[in-house]
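Asks: Take these sequences, add in the hints, and give me the full structure.
Number of protein chains: 2
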Amino acid sequence: MEALKKAIQERGNVLSDHVLKVDSFLNHQVDVELMAAIGTEFAKRFADEQITKVLTIESSGIAPSFMAAHYLESPLIFARKKKSLTMNDHVYVSQVYSFTKQETNDITVSKDFLQAGDRVLIIDDFLANGQAAKGLIEIVEQAGASVSGVGIVIEKSFQNGRKLLEEQGYRIESLARIAALSDGQVRFIEDRLTTTSTN
Amino acid sequence: MEALKKAIQERGNVLSDHVLKVDSFLNHQVDVELMAAIGTEFAKRFADEQITKVLTIESSGIAPSFMAAHYLESPLIFARKKKSLTMNDHVYVSQVYSFTKQETNDITVSKDFLQAGDRVLIIDDFLANGQAAKGLIEIVEQAGASVSGVGIVIEKSFQNGRKLLEEQGYRIESLARIAALSDGQVRFIEDRLTTTSTN
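Read top to bottom, the protein sequences are chains P and C. Heads up: take any position in the first sequence, counting from 1, add 120, and you land on our numbering. Heads up: take any position in the second sequence, counting from 1, add 120, and you land on our numbering.
Incorrect hints may have been included.
Said to hold, decoys possible - With a Cα cut of at most 25 Å, we get these calculated DSS-like pairs of lysine-lysine:
{"hint": "1", "chain 1": "P", "residue 1": "Lys-202", "chain 2": "C", "residue 2": "Lys-164"}
{"hint": "2", "chain 1": "C", "residue 1": "Lys-221", "chain 2": "P", "residue 2": "Lys-231"}
{"hint": "3", "chain 1": "P", "residue 1": "Lys-221", "chain 2": "C", "residue 2": "Lys-283"}
{"hint": "4", "chain 1": "P", "residue 1": "Lys-201", "chain 2": "C", "residue 2": "Lys-202"}
{"hint": "5", "chain 1": "P", "residue 1": "Lys-164", "chain 2": "P", "residue 2": "Lys-221"}
As the list claims (entries may be wrong) - Partial list, computed: chain P residues near chain C (C-beta under 7 Å):
{"hint": "6", "residue": "His-148"}
{"hint": "7", "residue": "Gln-149"}
{"hint": "8", "residue": "Glu-178"}
{"hint": "9", "residue": "Leu-196"}
{"hint": "10", "residue": "Ile-197"}
{"hint": "11", "residue": "Ser-230"}
Don't read these hints as lab results, they were simulated from the structure. Backbone N, C-alpha and C fix where the C-beta goes; we use that ideal spot for every residue, glycine too.
Replies: Right under this line is the structure:
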């Protein structure tokens, strides 16, 4: 998706060979127009899948999922990373290890909102090691529902997340696929070397 | 806002005299059409304020803010409740005590995204004791920016949040104002007693 790649090039920061900071448009300040275009693109790619629920994870998954759920005419569910006091034991739970934050979180979804028969589109901001997607898939399976696909905003294709999910037979649609991060530069898959600003 | 009041009546759960659970349409499963209508209503009410930034707090503030930022042609910023490893000390910080979760969180906004001269619309899902809004206002003040108003989805008017903010001179626009929660029922301000489902 060209508008997304352009945003990554021009507004992303490569902090290391593994870390791309996109808090200027995706996960802290949100470029709402870009997120709307991203959600619309997900809806288009999964238009034939009879999606009944869009499932993401708080917080950064919510904005890119919003228009996807709108066009797919489906509720959006965001998995919680920690139980709140008003959430009882009537929940599906899985564990997700975050390499960025170096911690394991329980992610939970209320049993009220996913049922057997649901066709679920999972959306997340990043695919790296695939741990968050794997956790969301486990929750869908606990509900006896089916995963119709996984939509990813930015895939770090040099990590093993896509491989892990494809081996399990899931369809992955990533809107930007990064082959490598090095020396402040982003190289996309099937694309020439491009430079990000380093401010 | 009638569609919101209807959702609260029909899909909310009164858990106690202080707790209204709205995770079926607002803060876990998200009714995207309702959130779009809510965001549109905020944009309409603050249309003359020359808003340059919409500021909310993760996670539940993101969905109701999305269309507000879209129509106000402004970026959306969501304050973080905990520092992440990729967020450095280049941040504004304030402390927010949550009565629901019984914990204090630092909320942070990167200094990159709020500047002196910004006219900020603050949006949050609930106004109860006003602690979250107060924390967001402090962050705007640290930036030397100005608060153009506070948009609230659901106000618990029986708690003192509105009073606290109005005493400081802020304009509050709440789309549903709850006078009381009791015996599984919601009573709105300037409205007759209405009943929520208790399933």
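Asks: Run every hint past the structure and note whether it holds.
Replies: Structure-based check of all given hints:
{"no.": "1", "hint": "Lys-202/P - Lys-164/C", "verdict": "violated, 34 Å"}
{"no.": "2", "hint": "Lys-221/C - Lys-231/P", "verdict": "holds, 21 Å"}
{"no.": "3", "hint": "Lys-221/P - Lys-283/C", "verdict": "violated, 38 Å"}
{"no.": "4", "hint": "Lys-201/P - Lys-202/C", "verdict": "holds, 13 Å"}
{"no.": "5", "hint": "Lys-164/P - Lys-221/P", "verdict": "violated, 32 Å"}
{"no.": "6", "hint": "His-148", "verdict": "holds, 6 Å"}
{"no.": "7", "hint": "Gln-149", "verdict": "holds, 4 Å"}
{"no.": "8", "hint": "Glu-178", "verdict": "holds, 4 Å"}
{"no.": "9", "hint": "Leu-196", "verdict": "holds, 4 Å"}
{"no.": "10", "hint": "Ile-197", "verdict": "holds, 5 Å"}
{"no.": "11", "hint": "Ser-230", "verdict": "holds, 6 Å"}
The structure shown violates the earlier hints numbered 1, 3, 5.
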